[in-house]
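Enquirer: Since the structure of chain W is provided, determine the placement of chains F and Y on it from the hints.
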Amino acid sequence: HRVISRHLLPAVCFVWQIAMIILFGVFIRYDEESDTHWIEHRRKKNISTNLENDFYYRYPSFQDVHVMIFVGFGFLMTFLKRYSFGGVGFNFLIAAFGIQWALLMQGWFHHLDENDWKIKIGVENLINADFCVASCLIAYGACLGKVSPVQLMVLTLFGVTLFAVEEYIILELLHAKDAGGSMVIHTFGAYYGLTISWVLYRPLLSQSRHLQGSVYHSDVFAMIGTLFLWMYWPSFNSAIADHGDGQHRAVINTYLALASSVLTTFAISSISQNNGKLDMVHIQNATLAGGVAMGTASEFMITPYGSLIVGFCSGIVSTFGYLFLTPFMEKTLKIQDTCGIHNLHAMPGVIGGIVGAITAASASESVYGQEGLINTFDFKDAVANRTVNIQGGYQAAGLFVAIAFGLVGGALVGGILKLPIWGDPADANCFDDDVYWEVVVTEKVCSTLKFHV
Amino acid sequence: HRVISRHLLPAVCFVWQIAMIILFGVFIRYDEESDTHWIEHRRKKNISTNLENDFYYRYPSFQDVHVMIFVGFGFLMTFLKRYSFGGVGFNFLIAAFGIQWALLMQGWFHHLDENDWKIKIGVENLINADFCVASCLIAYGACLGKVSPVQLMVLTLFGVTLFAVEEYIILELLHAKDAGGSMVIHTFGAYYGLTISWVLYRPLLSQSRHLQGSVYHSDVFAMIGTLFLWMYWPSFNSAIADHGDGQHRAVINTYLALASSVLTTFAISSISQNNGKLDMVHIQNATLAGGVAMGTASEFMITPYGSLIVGFCSGIVSTFGYLFLTPFMEKTLKIQDTCGIHNLHAMPGVIGGIVGAITAASASESVYGQEGLINTFDFKDAVANRTVNIQGGYQAAGLFVAIAFGLVGGALVGGILKLPIWGDPADANCFDDDVYWEVVVTEKVCSTLKFHV
Amino acid sequence: HRVISRHLLPAVCFVWQIAMIILFGVFIRYDEESDTHWIEHRRKKNISTNLENDFYYRYPSFQDVHVMIFVGFGFLMTFLKRYSFGGVGFNFLIAAFGIQWALLMQGWFHHLDENDWKIKIGVENLINADFCVASCLIAYGACLGKVSPVQLMVLTLFGVTLFAVEEYIILELLHAKDAGGSMVIHTFGAYYGLTISWVLYRPLLSQSRHLQGSVYHSDVFAMIGTLFLWMYWPSFNSAIADHGDGQHRAVINTYLALASSVLTTFAISSISQNNGKLDMVHIQNATLAGGVAMGTASEFMITPYGSLIVGFCSGIVSTFGYLFLTPFMEKTLKIQDTCGIHNLHAMPGVIGGIVGAITAASASESVYGQEGLINTFDFKDAVANRTVNIQGGYQAAGLFVAIAFGLVGGALVGGILKLPIWGDPADANCFDDDVYWEVVVTEKVCSTLKFHV
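Residue numbers (this note's numbering), protein chains in the order written: chain W, 1072 to 1524; chain F, 1072 to 1524; chain Y, 1072 to 1524.
What the hints contain is simulated information worked out from the structure, not anything from laboratory work.
Be aware that one or more of the hints could be misleading.
Same chains, same label: a pair holds when it works inside one copy or across any pair of copies.
What the hints assert, rightly or not - Computed list of lysine-lysine pairs in DSS-like fashion (alpha-carbon distance at most 27 angstroms, straight line):
#1 1348 to 1489
#2 1405 to 1191
#3 1116 to 1451
#4 1115 to 1402
#5 1191 to 1451
#6 1115 to 1191
#7 1348 to 1402
#8 1402 to 1489
#9 1489 to 1405
#10 1115 to 1451
#11 1189 to 1115
Next up, chain W with everything else stripped away, as it sits in the complex (with noise of 0.2 angstroms):
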């Protein structure tokens, strides 16, 4: 068995790298903009400039995003105090995994060309993909310092799978919008990690609460990791906006959420200590929810002091769901919330999606102007008739299926995760990188120093 266990992260590396390279050899082709036909193509078109090449519209977002995955994300996980490899390593090999499985089953659902049966790749499938794996991501922090490297591949390759799906129903069949993921990437992320955090229930998990805490400068590395995504989260929420004054209107209404959360945050941790202090754990993560919440509307013209209202709430919201509903969900639900997605994702996300639904629902022309508001919410071809009311109940209906997508989607890859072949580690072993990484020696010492004192 330990022999199994120690192969079984190689051989499902390669295999799975192996599976890539071939279905990208079946199925992915570069896009017309990015294929060396694109000369011919852009005469055709009769466009005169490289300039109107999609990848100067996106591909400075496309970065940005690409930070918030694998800086923002990892080092927002680097907060433990001997789980710092395992935060921001773990997150980099199911983030470069995902990506690649992402780019496939968006592309089946989304992009395939019916001529020739190709996926064809742009900047924007890229950002698309990192989309994806966020929600692998936001599921991987429930379970942060429990699981091993395998199940997280397995964790990532079914997330990405569920992703595509939901994402489908929710913006195709549904049509409903959702530019920066409130329902699609952050609702459904988080459930499905709560629920497979659920399935994988760990009662005697106080055998290693010595390690579940932070050290000074590892509270410190995860301030990069939160500054990064809170810098970039209007990037995130614009990145596939629509061109001109959505990207533009995205940027300006996540923006403002993000610094109101960060104000009431910071009230909320002074006022919930008897001595008025602040709790790094609060600031690291609930200034973060106004970005969340904004992922639906944010290209809506939720007017910018409905931004501020939104990102008031949810940091409010968030910071109340670190001091009573993390401790609660552990005690009574049976729910382990490592890094506390349930604050983070799930209710800013469900606020998100029903600030996008109360919006979308009370749009008007007068407001929005004739065109705009055609454009805002592509009421074209088959959905050209639908009213913003209507518009309004299929958003709530996106959310309904986003926390299904979670839920039942976590029921069952919990399941398949708590089969006793994938190496976790024992319940005294947790949050510790001892397991999974060489460490150096004299740290260790040092460490257990700090124990005894």
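Expert: Structure of chains F and Y alone, referenced to chain W:
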């Protein structure tokens, strides 16, 4: 009294955030390019493509500036051994508040639509808000470790207000140019902070001298701040420069000035020690002096070698400042300047203002071209007949306005902050996160241990 | 002698920076697009909008490359327990010097205006200067901890000079393509550094073996470098690629190759240890091999699955290098390669050159389109009649030129650096910041303590 001070931070955060929501509701709307009516305006203006939206000209620079504000300034202030939470955390708090207030203050002075008395915001307003708040973060540098978060909120409220007024006087009334803010941001912010620090002078600060230093890893954290400031400074100085050649030139000039100041900083740092060793404080700060000093003239035809000279001199001046002026100011002038902002922002800022005035006064049609000269200095409308000599004089006048606002504003705000109601730390507890943050216990033991060894 | 060595660094910094100022004064001017006359040129060229300024095509990529040079390389070299200051600090110093010298050297070879014998610089020159200096930072990796800052300045002076010559031969004379610099940057830089390290071989380096390792948090710092290199590598390989589809394709190919090498790195790292544990050294370095190996062919129609295969192989090769080649090279070949640049840059660089040659030789009109083929390989003017087979041959020739320049240049410069005048550290003081930096005293005590425990 303790009860008040315990509830003061939450109260201030809540009340001010609610005030922001109300004021945004009354005053702030999307501008033309970020409104859904953009498609109609575009057609009226005969613009064929969404790429003409200012978003695509400005957003990448905005994101770089955003990183400088939150990660650059934030991590630069993590160098103290036990004040990294306060450095990066309070920077986060006051920047998130300041940008909201700046959107209002700058809007009232610069962007008020006289038809409906609304402020119409777009991406350029976001950049300007980040710029505005930078001046307050500079001021924070002088007070680092010695003030409470509520004092910082007050410092920011007044700082942003003063900034908007002096910016209006310098840029609009005097029609001085200051794309990268040598005068408006750095000179003002530094003298504002230094004066506050002078008013708040603590004769017994030596009681916490054992905490006023760095440890090995806190110095490495601070280098994150240094490098992100250094790398993105070309974006800072070009972010609101004129489109096309103006932005292009501002980048080149800033890039060169920064490179040059790195070499002179290393030289002076090494030569100043008996053993030739380098001091991390110099490397973390004085290497940035070239960027500060190039703030005003970055748009001008200062020539590449002119930029190198500016960086050369400012790197020397700044490092000498750390060596001689900071101790002198503390002993003789009773100004305790934790981060040495006099060396990094005040002196290079003044150099930048002077360089700008000289470069403007010596501009000529033979170098700039007739149209180029008009474009660069905006010699249009009310100032259509201004000569470059007179422009040089107005640039110099702008520098004095910035200094005056810093000194007078700092004295007033310092007086307010001296009131014994803000919960500032005792002399023996300065530079200690433990006053305002929950700090893990084992850490405190370990830190004590180190001092006993 | 001590007096000389104490004053050597300041003297070199001053003299060289003054030389830069003089040479820039004689040779360097703004190019057309960054000059105030741009408005006139624009009109002559019938360009209606400022968006056509190359600044907007290139600047976001430039900033990403800039981050790779200063934060990427800098933090990647912070992994040693007591050499983080030297890693990030000396990287900062030599990069800031190198980019100035590179603007001159590359300007003389590539951008000299024959009318007035001036070099006209714009944003593309800044990117190229960053590229050029990357080769010296790679070389630094082999020497990390064993050389003085003055030696690094000399290494950079000659490295940039050699780079400009070999780049001229490879790109201009041989007309080889190398957008991301597998050959020009990585292969040259790695062999340059390895040869220097071979000449400077220290038989008694084991005297400082106790410092040649990481501690927990220094490994986390290094991950900052790894991730920023990894995330922005698509920008690196596309920054000077052809506008439009070329940049677009370079991004996709690099993104995929990098993702693929992450999985094979984790696989080989895990399987190579008896206990299946992962080694941070591999994760920090070999995950980047795909980016190096995709440097030459990134612009070509290598296909998405071709990119995955390149990343797959280079991740394996690179990790095996860390496992077997580095110890072998140290013992048998007497090459002490601190960062393992042979594994991260030399071998993947050579792979990249070979892949580039094969991909070029097998290019066809059916895949590229007639115009696409001409555009991609610039089959114009003097090389208008070159076939793809011949192009493949010239690509291979380029690889040999890069290796030859690295070996011969490294031998010469190594000989210069072996002179006993540069103040390099004693064998027992290698990998110790205390030689060149003021390090806080309590820290030194603590570090001693750890070894006594």
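Enquirer: Could you work out which of the previously given hints the structure breaks and list their numbers from low to high?
Expert: The structure breaks hints 2, 4; every other hint is satisfied.
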